[in-house]
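Construct the complete structure from the given sequences, taking the supplied hints into account.
In order, the protein sequences belong to chains A and B. Numbering of the first sequence is given in the working numbering, commencing with residue 259 and proceeding in unit increments. Numbering of the second sequence is given in the working numbering, commencing with residue 3 and proceeding in unit increments.
Keep in mind the hints are simulated off the structure, nothing from the lab. By construction, the Cβ of each residue, glycine as well, lies at the ideal position given by its N, Cα and C atoms. Errors might be hidden in some of the hints.
What the simulated footprint calls covered on chain B by chain A, stretch by stretch (three residues with Cβ under 8 Å from a Cβ of chain A suffice, anywhere in the stretch; the number is not a length) [stated by the list, open to error]:
hint : segment
1    : 77-85
2    : 104-111
3    : 114-122
4    : 125-138
Just the calculated beta-carbon pair ranges, DEER-fashion [said to hold, decoys possible]:
hint : chain 1 : residue 1 : chain 2 : residue 2 : range
5    : A       : R518      : B       : D172      : 35 to 41 Å
6    : A       : H321      : B       : G72       : 50 to 56 Å
7    : A       : V440      : B       : Q177      : 50 to 56 Å
8    : A       : D516      : B       : A132      : 34 to 40 Å
9    : A       : D516      : B       : E249      : 46 to 52 Å
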Amino acid sequence: MSGTAEAAPGAARAVGTRLPPPRPRVAWLLAASGFLFGAAVLGVLVGPVHIGVGAILRATASHLPFVHVSSTLSRAEDAIVFELRLPRVVLGALVGAMLAGCGAAFQGAFRNPLADPYLLGTAAGAGLGATMVVAYAPADTRAALVPVAAFVGAAGAVAVAYAIGRSAGGRGPVSLVLAGVVVASFFTALQTFVQQQNVDTVEEVYSWILGRLTTAGWTDVLIILPYAAATSVVLVLCGRLLDVLAVGDEEAASLGIDVRRIRLIVIVAATAGTAAAVAVSGLIGFVGIIVPHTIRLLAGGSYRALLPLSLLVGAGFIVLADVIARTVLAPAELPIGVVTAFFGAPFFALVLRRSLVTAT
Amino acid sequence: MNAVELRSLSVRLGDATVVRDVSATVEEGAWVGLIGPNGAGKTTALRAIAGLVCYAGSVAVGGEEVARLGRTRVARLVALVPQEPVIPEDMHVADYVLLGRTPHLAAFARESDHDLETAGAALERLDLLAFARRRLGSLSGGERQRAVLARALAQEAPILLLDEPTAALDVGRQQQVLELVDGLRRERGLTVVSAMHDLTLAGQFADHLLLLDGGRLVAAGEAAEVLTEELVATHYGASVRIVADPELGVVVVPARALAEADL
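Here it is in structure tokens:
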């Protein structure tokens with residue numbers, strides 16, 4: 259049809275009605291970036307040792323090449339800011355971006371508003387993989403092997419949860435989540451077994467399971483960074499295709515899409531992102547539910563806006579949750595998973611209610 | 003030239019043969035109505051033309067066998083409006099209509115200005131510009147139906163398949179939607195194949211009717227030839243009176259004597 263005689267008047271008429279390009283509105287992107295920046299500033303400033311904004315700015319400038327400003331921070335203060343707080347903020351941001359972005363991606367790929375890396379069993383699968391490496395692999399190979407093993411475990415968990423969900427209850431949103439709970443319980447049981455069997459590493463595993471950014475240093479950031487970058491790029495590129503999947507498999511196919519291939523690409527990317535996040539931070543739940551659903555309410559349901567905004571807001575959200583986790587009971591620290599569950603579980607109940615109301 | 007050509011089309015879904023040995027042709031620019039009782043195979047026949055089910059026999063679209071065309075090529079030739087489209091409630095109407103451009107885009111490409119213009123024109127044609135930033139979930143049934151049609155129009159496929167396009171609409175909306183489709187067909191030279199429930203409307207809008215029953219094609223022709231009291235009684239199990247009106251064409255009226263109703 260394109261290029262026929264009818265198209266010419268249609269195109270001429272259309273000049274006045276050209277749609278705005280379907281990317282996220284700049285205002286939302288700015289707001290999300292501002293939120294992340296604000297959270298990051300708070301994350302660097304807040305701590306038992308008071309260090310002022312001005313001093314931190316001067317010190318930052320002094321670390322830059324070609325800038326000749328001398329830092330007013332003592333050597334200890336400098337280490338607190340640049341070796342403790344900053345890597346922790348960056349790590350939290352990367353983990354949060356992954357959990358929220360991958361949550362949104364799973365929701366799109368499964369067309370299920372309740373899909374979340376934590377609830378699908380992905381996190382538990384990644385946990386099992388990582389624990390096995392900690393328990394059985396030689397110490398010097400662990401850092402490299404943990405993300406890979408976490409990915410294998412996570413992919414296995416998603417596949418099993420999806421298979422059980424499909425065979426048990428069709429395509430309803432709740433059956434997939436119940437299957438995820440089953441898979442998570444089973445993988446957690448296996449993990450506990452491996453962990454108790456290897457008493458010498460139990461402490462290392464434990465601190466990791468509770469969900470923590472505490473031992474964060476630049477090493478952890480470097481482990482997750484390549485995965486986070488690759489996953490972000492793939493997910494943002496797939497935004498338009500996830501929108502097509504939103505009209506269901508059959509209609510997506512009638513629009514010329516290879517549904518199974520797209521779904522596979524998105525799930526592999528989201529599983530890799532989740533696994534990388536879990537490998538460095540342990541199990542942090544509900545971020546993948548809270549963040550995407552809040553953005554849907556504010557900025558609409560298109561995945562082209564949802565994915566980049568989820569990455570940004572998720573990053574800010576975890577940095578903020580981490581600030582709460584280390585200040586509420588200061589000087590003691592709350593596991594960050596506790597903070598996200600505290601806000602996330604009630605929120606999840608609301609989303610569950612809404613999805614059940616629309617499903618019936 | 004024939005836009006759609008079915009030769010000995012059969013479709014099996016699971017253990018059931020849902021369409022059996024159907025042969026028919028649809029001329030370019032024509033409107034063909036598929037009628038028949040529930041379960042006659044109308045929807046499945048449409049899905050076969052759209053390349054969404056495996057079939058035996060032959061389905062040619064624009065002279066090419068659907069099963070041998072790639073998914074994207076089929077989507078450029080055939081736009082399908084399903085009976086119950088999946089409505090992503092949170093999606094904005096403009097984004098939804100833009101989905102119709104999918105077959106014209108490479109996998110990870112973004113829409114060009116031409117795509118945005120085509121989708122904008124489709125929105126305008128269906129009087130939806132004011133709704134562009136609304137969520138689909140906030141639209142009424144008739145508005146949603148127009149959004150789905152706008153998406154199909156943005157697809158710029160020369161063949162439009164409609165599965166019960168008026169099933170969920172009141173009588174006024176039914177007429178409006180069908181008039182709209184007819185207007186689009188004339189403007190753009192579209193070929194329309196629609197499964198239809200309402201026999202009178204089917205006769206009024208389609209040039210040619212195909213009556214299916216049990217997956218077989220049992221009658222084909224103009225409204226006056228297919229909508230007869232005998233054929234409707236045999237295949238629908240319905241008692242109807244056919245009124246041939248010089249202005250309105252063939253009117254199919256359910257027959258129930260008033261005296262019986264009082265008993």
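Here is what the structure says about each hint:
| no. | hint | in the structure |
| --- | --- | --- |
| 1 | 77-85 | holds (count 6) |
| 2 | 104-111 | holds (count 6) |
| 3 | 114-122 | holds (count 7) |
| 4 | 125-138 | holds (count 5) |
| 5 | R518(A) with D172(B): 35 to 41 Å | holds (39 Å) |
| 6 | H321(A) with G72(B): 50 to 56 Å | holds (55 Å) |
| 7 | V440(A) with Q177(B): 50 to 56 Å | holds (52 Å) |
| 8 | D516(A) with A132(B): 34 to 40 Å | holds (35 Å) |
| 9 | D516(A) with E249(B): 46 to 52 Å | holds (50 Å) |
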